[in-house]
Amino acid sequence: MEAARSASASPRPQAGPTPLFGAYGIVKRFGGFTANDGVDLEIRAGEIHALLGENGAGKSTLMKILYGLLEPTEGVVTHQGDIVQLPNPDAARRLGIGMVFQHFSLCENLTVAENIALVMPRDFSGRALADRIAKLGIDYGLHLEPDRPVWSLSAGERQRIEIVRCLLQDPKLVILDEPTSVLTPGEAEVLFSVLERLRAEGRALLYISHRLDEVRRLCVRATILRAGKVVSACNPREETARSLAAMMVGSAVREVTVRGGGAVGRERLALDRLALPAPGLHATALRDVSLSVAGGEILGIAGIAGNGQAELFAALSGEVRAADPASVRLDGAPVGDLGITARRRLGAAFVPEERNGHAAAPAMSLSENALLSRHSTAPLTRFGLLRPGAARALAQRVITAFDVRKAGPDPAAGTLSGGNLQKFVVGREILAEPGTLVINQPTWGVDAAAAAHIRQAVIDLAARGTAILVISQDLDELFELAGSIAVLHDGTLSAAVPAAETTREAIGLLMGGSSDAAPAPAH
Amino acid sequence: MTLDIVQMVLVTVLAAATPLILAGLGELVAERSGVLNLGVEGMMIFGAAVSFALAMQTGSTLLGALGGAGAGLGLAALFGLLTVGLAANQVASGLSLTILGLGLSGLVGANYVGIKRDPAPHLAIPGLTDLPGIGRLLFGQDAFVYTAVALVAAVSWFLWRTRAGLTLRAIGDDPVATHALGLKVRRVRFLSVLFGGACAGLGGAYLALAYTPFWSPGMTAGRGWIALALVVFASWRPLRVAAGALLFGGATVLQLHAQAAGLGLPGQLLSALPYLATILALVLLSLGRRQGGSLAPAALGRVFTPSR
Numbered sequence: 001m002e003a004a005r006s007a008s009a010s011p012r013p014q015a016g017p018t019p020l021f022g023a024y025g026i027v028k029r030f031g032g033f034t035a036n037d038g039v040d041l042e043i044r045a046g047e048i049h050a051l052l053g054e055n056g057a058g059k060s061t062l063m064k065i066l067y068g069l070l071e072p073t074e075g076v077v078t079h080q081g082d083i084v085q086l087p088n089p090d091a092a093r094r095l096g097i098g099m100v101f102q103h104f105s106l107c108e109n110l111t112v113a114e115n116i117a118l119v120m121p122r123d124f125s126g127r128a129l130a131d132r133i134a135k136l137g138i139d140y141g142l143h144l145e146p147d148r149p150v151w152s153l154s155a156g157e158r159q160r161i162e163i164v165r166c167l168l169q170d171p172k173l174v175i176l177d178e179p180t181s182v183l184t185p186g187e188a189e190v191l192f193s194v195l196e197r198l199r200a201e202g203r204a205l206l207y208i209s210h211r212l213d214e215v216r217r218l219c220v221r222a223t224i225l226r227a228g229k230v231v232s233a234c235n236p237r238e239e240t241a242r243s244l245a246a247m248m249v250g251s252a253v254r255e256v257t258v259r260g261g262g263a264v265g266r267e268r269l270a271l272d273r274l275a276l277p278a279p280g281l282h283a284t285a286l287r288d289v290s291l292s293v294a295g296g297e298i299l300g301i302a303g304i305a306g307n308g309q310a311e312l313f314a315a316l317s318g319e320v321r322a323a324d325p326a327s328v329r330l331d332g333a334p335v336g337d338l339g340i341t342a343r344r345r346l347g348a349a350f351v352p353e354e355r356n357g358h359a360a361a362p363a364m365s366l367s368e369n370a371l372l373s374r375h376s377t378a379p380l381t382r383f384g385l386l387r388p389g390a391a392r393a394l395a396q397r398v399i400t401a402f403d404v405r406k407a408g409p410d411p412a413a414g415t416l417s418g419g420n421l422q423k424f425v426v427g428r429e430i431l432a433e434p435g436t437l438v439i440n441q442p443t444w445g446v447d448a449a450a451a452a453h454i455r456q457a458v459i460d461l462a463a464r465g466t467a468i469l470v471i472s473q474d475l476d477e478l479f480e481l482a483g484s485i486a487v488l489h490d491g492t493l494s495a496a497v498p499a500a501e502t503t504r505e506a507i508g509l510l511m512g513g514s515s516d517a518a519p520a521p522a523h
Numbered sequence: 001m002t003l004d005i006v007q008m009v010l011v012t013v014l015a016a017a018t019p020l021i022l023a024g025l026g027e028l029v030a031e032r033s034g035v036l037n038l039g040v041e042g043m044m045i046f047g048a049a050v051s052f053a054l055a056m057q058t059g060s061t062l063l064g065a066l067g068g069a070g071a072g073l074g075l076a077a078l079f080g081l082l083t084v085g086l087a088a089n090q091v092a093s094g095l096s097l098t099i100l101g102l103g104l105s106g107l108v109g110a111n112y113v114g115i116k117r118d119p120a121p122h123l124a125i126p127g128l129t130d131l132p133g134i135g136r137l138l139f140g141q142d143a144f145v146y147t148a149v150a151l152v153a154a155v156s157w158f159l160w161r162t163r164a165g166l167t168l169r170a171i172g173d174d175p176v177a178t179h180a181l182g183l184k185v186r187r188v189r190f191l192s193v194l195f196g197g198a199c200a201g202l203g204g205a206y207l208a209l210a211y212t213p214f215w216s217p218g219m220t221a222g223r224g225w226i227a228l229a230l231v232v233f234a235s236w237r238p239l240r241v242a243a244g245a246l247l248f249g250g251a252t253v254l255q256l257h258a259q260a261a262g263l264g265l266p267g268q269l270l271s272a273l274p275y276l277a278t279i280l281a282l283v284l285l286s287l288g289r290r291q292g293g294s295l296a297p298a299a300l301g302r303v304f305t306p307s308r
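Each protein sequence line maps, in turn, to chains H and A.
In terms of our numbering, the first sequence opens at residue 1 and continues consecutively.
In terms of our numbering, the second sequence opens at residue 1 and continues consecutively.
Pulled out of the complex, with its shape left as it was, chain A reads as follows (with noise of 0.2 angstroms):
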């Protein structure tokens, strides 16, 4: 019986976590290219609602959450042509990016407020999902938090286990040098970015199409931002992403239940807390592990224009 309830717990926690470890991978890998890309709130917005509008549209959760993804994708291209094609300033653009994302999202879901959606189908085996204790939490998940998940694990063996994350880093740390080694460094960047905007597209999916499941303007309600936070407190790894995001999670979960008991707290207070506990646990792992070098990726937010 406890056994179900905190299972029921994980699952939640597990829920309310899988859109920042998505947002926050993607913004993980661009930086890791050298890229900052401020416009993640925007690009998972848009992601939201182009999701939702799809979804109501041709009744296909996958083609919401793949219009989500492209969503997100196509505002990264955008941003990539500005910032890598045209140099333009990271902080800038992706700040103008996230106003434009907010804008097209309030557009597209406007005929699609307060409509509400069944939620994306959930995992079920027979049997496996059963089992007492552990079966929803392992067995009875949604696509999105396995795909987050499996995420985690590719990013990681991208980043440091293949020559193409190898270059990656590189550019990251050096754009100037890996340039002179005759390395590709627009491409790669550029590519980064994209990956970045859809991930950012496909949190922003899990929200709208699993996660609510409606569509509200705002309704990202700053996880973007959190995302970009997690990434630099979690110094640019993929599993201390995770492991801020499902303490980000955690910590949404029990101020819900805070508030529900009546704890005499103002309610805005509790709401704050998951942003509190997420900044202090990541600063408190931040500080301390420096031994040398830099712990960002050394070029982060430099554009680069090769001569030719």
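So that you can see chain H by itself, here it is in the shape it has in the complex (with noise of 0.2 angstroms):
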């Protein structure tokens, strides 16, 4: 046992030339989980390298490992077939390893070039950090302010900030973690020509993802993680998205379906000219929203983060209230000054953006955080008493429809897996059959099998009746999902145009905000 492990974690001899970067034999265990087993990963230069896997399969853990900031339990990194040691992200970096982080390693209340200065390898002194922020800008197209505070800053900025700050070290690999989930299609394309030219350069790439089709367009190989297994290498190009999902996920995953002939009823959720001021300083207000959902339906509100999509939400559940009662309607009835329970009585029900700490409590258990939203629209209490045994019963309902995966009988919602999690948050709401349901990011970093779930089980809610909002920054997901579409922009909303009827780049356009590419309505 022992000499296999020792003989699977030394350098094997490969075909080909010597790797940039090498990973071999990676172990990494926490306590009794193992999250990487036995990793194999060769980087060549001039490439870009795709790792794929769902959520949970180790990527994170393999990528940290590269970049210094775990030590492997077991097995070795090499750098043109040397042996090195990666103890800090120092040492990384000067092997020529740069990371751009998917949650922006950034901190908010420093300046642009600040936060650069941090890495910098000498003392910065402001004007000639500025200079060469500015250069980079105009080489690359990734245009700086250096005197800005990051919280200021849109996610396309930030990741920009992440980019320059890299490449600022001239680096020979970078490591790009899910780089496109906060950016817009606009800001997705400008960050692909930069990564191949960053290729065209000789650096090396790892492109981590859940895009399959980002990864089919700018990868030529790439690595699939399963469980912390490589349990495949392969031409992404060779591959269709469906084979690839289907490789990351040990089975095929479930296409989603339309179940047709769910007839459009009557207007159940509608917003009236709603108008609320922003909340704080980060926020958006909102102008003028009017929007009608029928039974049935499902409308996707399109948009870039921060264009007032978490005031809208709030709006819609009652954590904000409107100071016309009539400007939100649900199955005809003003409830605009109504708080959430008032409204969740009143059959409505909300599953918010933020898994953690917003939609459920993470130190708390999941039939504790059934009886978070369920309280009122189940029989969960009894004379303002609880009934654990109800809410287990209730969580187990949701655990076993939605298929969700956990350690334990009850355990702490922050125990579980992002995509396993947001299965029970949806399901939790789902299960109430409601009459209207408004949901923000549905599978935002959610792996495809999760996500294909609960896709399939806001389709099959909407055949029952119900009137479904989903407000997405995926345009995949909400022409998947919706029968028609409307765009969030500053605040203000377009007219809603049928999914059939639009495509995904005037979409595109109306989320950047040029309004003269609205399609053309028929008038």
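What the hints contain is simulated information worked out from the structure, not anything from laboratory work.
Only a predicted model underlies this, so the values are computations on that prediction, with no experimental measurement involved.
Only true hints are included.
Cβ-Cβ distance ranges computed for the label pairs, FRET-style: (1) G301/A to A361/H: 17 to 23 angstroms; (2) A153/A to E354/H: 39 to 45 angstroms; (3) P87/H to A88/A: 22 to 28 angstroms; (4) L81/A to D131/H: 39 to 45 angstroms; (5) L295/A to I83/H: 46 to 52 angstroms; (6) R405/H to A88/A: 30 to 36 angstroms; (7) Q259/A to N356/H: 54 to 60 angstroms; (8) L95/A to D324/H: 44 to 50 angstroms; (9) E354/H to L273/A: 44 to 50 angstroms; (10) R94/H to L95/A: 39 to 45 angstroms; (11) L138/A to I138/H: 47 to 53 angstroms.
Here a beta-carbon is modelled for each residue, glycine too, at the ideal position from N, C-alpha and C.
Fit the two chains together into the complex; they arrive one by one in their own frames, and the hints show the way.
In structure tokens form, the structure reads like this:
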């Protein structure tokens, strides 16, 4: 056993040139959990290498090992064939490894230049650094204002800081973790051209994503992880998105099927010229937002993050109340001045964007989390006292119906993986059979199998006569789910157009705020 | 003549402000790194007791002052071990450190209650110190006061002009992000806490060796807490901490004169005046300046445990 392990931990001779960076026999255990189990990975100069896998497959762990943030339990990392030690990110950076984080590693209250100066090797001199930032900006089309504080920047601009910070160190290998998950289609195009340029300069890129179309477009080599092990290495261009997904999941991914025949009923959810002042300095004011969703209909709200999605969701759920009760209507009844529980009692249900801390309390058990949103719409209390047994039974029904994978009978919500917790919070609301469902970013950061499960459940719910409003940044998702799509830009909502009559490009332009490119409605 | 009266008042204002500047700057640095040290009062009074005892034993004010700073540093090391090393709750640890410091100071100072000592020597430059109107104020202070003033400039320079200061502020803003960049979050935080403790101890030493100068239990009289409040209302900026401390000193002197003049107001109310005035002024100062982002170090009070 030991011998076998040590054998797998030594670099294996491979056909072809010596890879720029290699990782061989990587094992990483956290307590009893094995995140990486004998992973081999080779990255060559001048290639964009895809690392694919579901949530929890071990991609992030492997990446952090390569960047010196985690120490592997076993295994070695090599640079041009030599075994190297990566005790900290400094060592990784000295070897020429740079990283663009998914959840940006930026300090919000520092300026762009200060955030970049943090990792520059020598003492920074403000002017010289600002000049270098400006020069890179011109070279690569990555414009940044050095003196802006990070909190005032969009996700795309923040990512630019990370990329510029990386490039200033002239890296040989750039690791990108889910780089397009927060970008608009337009911003993603800019990113792709930068990546292609970096590749052409002879740098290696390790591209982590679960967006298979992007991977097939950018990469000619892919390593696929499942449950901590490498299950396949392939050329993604020779595969289809479906076959890649099947390799990641280990079985065929269910295709989302639209159940026809769900007749559109009467209007269930309506906003009538809803206006709300910006609740805070980072927030967006909503201006004259009107919409109408009928039973059986799914309305998609597209838009770049920070254009009022959070505020719109809060106004719909009752977390923020409108001045005019009639500006929000549920089944015709004015509810603008009612709170969340009152709206739930009227048959509405809500799934907020943030799983941990908004949709679920991470430290509380699943049954307690079931209570949190269902206490008034399910028989979970008696004379104001909790009925823990009923709450556990409800949680169990959600777990069974939505195939929520978990450890232990009633674990804390925070111990579930993102996809499983999302299935739980969506299932918790759907099992209430609401008349209206408002759901914000239903599958953000969720792996393909869980996303398909959630989308199917949403479509099935609509077919049973529920009015559904989906807020999402993911255009693929909106075109898959929604019957009609409206775009939220800077707090104003465009007119909804049938999804079949518009294009991704038209919606993308509206998201960017160009109103003249609006798909011409029949008039 | 009137100039000399103004100067006398200003000298006493500066003297009353000095312990707050010292303790406030130390706490500011600790909080900028993300550690909320509620043990300032305890570190201050322990510093006062140790400094007085040491100065009495050795006869040296300098050794006393260093001992006071060292005593604050020692308590801060314990606090740092708990909150930075063992990721214990910062609020609970800080409060217990204050109680510990009060207790220890009583123990150390037990034999020195009621003994008076010559105050720390003041600077005397022939010619300059005797200048009418400004000589005493500029050239006749003791070393504590000059240290405090120099520290205001030094801390400002360090935090906004050096790489280490930038790292410290970044860690106070987001320890997870800075750790991901490979910065030494726990080391920087520990050092910041030590600096804060030493400053608090020095502030206490000033009270015992120069301001009063004697030892009596509880002599810091809540100045540690005022220093904490100063840091918050000064929105974590050294110059504003100094300004707030001077305002507090001014109000202290004013209420002493008012009590002596017999205004007919209850003495307790007048004694509360400096505290009220300082808080009021700093609240007003911190209003309306916010454009966005967070004034406070965003990670203030959050413990950080790296995974490895």
